[in-house]
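*Asks:* Produce the complete structure using the sequences and hints provided.
2 protein chains.
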Amino acid sequence: MNLLTVGTVAFDNIETPKGKAEKVIGGAATYISLAASYFVDKVSIVSIIGGDFPTAELKYMEKKGINLDGLQIEQDGKSFFWGGKYHDNMNKRDTIFTELNVLADFKPKVPKASKNAKYLMLGNLTPDDQLSTIKQMDKRPKLIALDTMNFWMDTAMKDLKKVIKKVDILTINDEEARQLSGEYSLVKAAKVIHKMGPKYLVIKKGEHGALVFHEDKIFSAPALPLAEVNDPTGAGDTFAGGMMGYLASTNKTGWEQMKTAVIYGSAMASFCVEDFSVGRLKGLKKSEINKRVKEFVKLTSFKM
Amino acid sequence: MNLLTVGTVAFDNIETPKGKAEKVIGGAATYISLAASYFVDKVSIVSIIGGDFPTAELKYMEKKGINLDGLQIEQDGKSFFWGGKYHDNMNKRDTIFTELNVLADFKPKVPKASKNAKYLMLGNLTPDDQLSTIKQMDKRPKLIALDTMNFWMDTAMKDLKKVIKKVDILTINDEEARQLSGEYSLVKAAKVIHKMGPKYLVIKKGEHGALVFHEDKIFSAPALPLAEVNDPTGAGDTFAGGMMGYLASTNKTGWEQMKTAVIYGSAMASFCVEDFSVGRLKGLKKSEINKRVKEFVKLTSFKM
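Residue numbers (the working numbering), protein chains in the order written: chain A, -5 to 298; chain B, -5 to 298.
Calculated directly from the structure, the hints in this document are not laboratory data.
All of these numbers come straight from a predicted model, not from anything done at the bench.
Identical copies carry no separate label here, and so any pair may be met within one copy or between two of them.
With a straight-line Cα cutoff of 35 Å, these simulated DSBU-like cross-link-like pairs (lysine-lysine) come out:
1. K185 to K297
2. K211 to K86
3. K253 to K297
4. K276 to K129
5. K106 to K155
6. K189 to K129
7. K292 to K136
*Replies:* Structure below.
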């Protein structure tokens, strides 16, 4: 099935305890689409870049089957540029700078050919742009997932709630789930958030894995303990891209598919953090992905 | 099989965001033995209390089959008394006071009848007392588990390493594993710690579950997401007690048993945090425990 994603395509400056990377490729839609491209042939992006974005990177994405018809290119503008520094505990980071550049006046435009996408992944962006994307679809996609963050809860909660109401899956971290719901217990938070709209709440916990809440059911996916974590940037987007890519490949949306999808998303995220930028998401083999998924099976199997 | 535990039997003052409890029953050996008593008939304690400890509580423990022959009672002394306050994030707490009282001059004495225990759980205590307990055994127990904390790493690392060398299982939290090994990656930390002695490293992550490292294998056990967490005090001890109690009930010590044991330990810990003090560990039914373990199966099951 075809998957559409909207989100940033950007440059990042990254500093982690393991090293630095300057003006490397980043952005939510970049990570999402690369991760999803390992599962489905038809992935398309709605985003914006400046004339400074390397053509070679766009060509690589197209080679991976990612359709860039919805990628607006402002030749005279500069691409969105974010700089961040991670603490020793790589679960925390500080934003060093944010240059919106061409993103400042971005209005998502879904190309005609992508308006029938059955799977829609709304990457972290203004709630207004996320909502506009949904509205441009020919009909309501089979499955809509939304990623967002505390920044939008602080500055645009009203708009955010409008989008949340329209989606099937919401992916946020544990602190954000608490902020959004006003409940400390994630079990209680999930009940509040389900009432806001999403029938699936996926709580991303970084090195502690992910929790999925659906009706009265809960699924806990671990993160794979790794010897080398070099850069957590984009792990959440990669997780979402792997999850939605897998779901689109099944053409189903049930609880069993959702759980397996979260494992695939976690496996993709485990690759992502091993290298800076999208380094590890390029040139992965399907056999490597399957091998890693098997590690998740081993990691969680026990006999009763 | 018979299980011996050494550790504190104490009073706690506890303040959490959910309420306060004053001078309630606590102590590592209390939680460990109560949790283990649901799995094995022969559990014995080596510890010390003052004349102020309620007889009714001792009688309850005996009723649960816990042998108190190794519990020294200083009629003129006061029991160990600890006060702690939890942050809004219940993963963190501050110690408000520590009154060692009779614990100050405690020397563990293993009763003759317990010297042949096949399973030994060394609860958090001075490394010196933990080592002394091992030395008093008739012969090396089949399985020795050690719980400790950063305080002993800061103040008695040399002694602590001597005990660590002699045990099969070490249970600590993630920060402590990093401190002990000097490695941030838990995968690398486990390799360092395995070389110190323990063939099993169990990393307790509170609401994020537990990780077990053994040779080149890893197992991830989730924590059960709960609607109500009232008091995390004793959850780590209860986890260890459930784990060792289950292992003792199997009379085995292999990887498969270890994984299942960690699930049982996690299930017992999930009861523990639902109420203050040992409230929830009293009068549990075997059927309740099995039902909860089934929730862990559901929580982690997925299809590939």
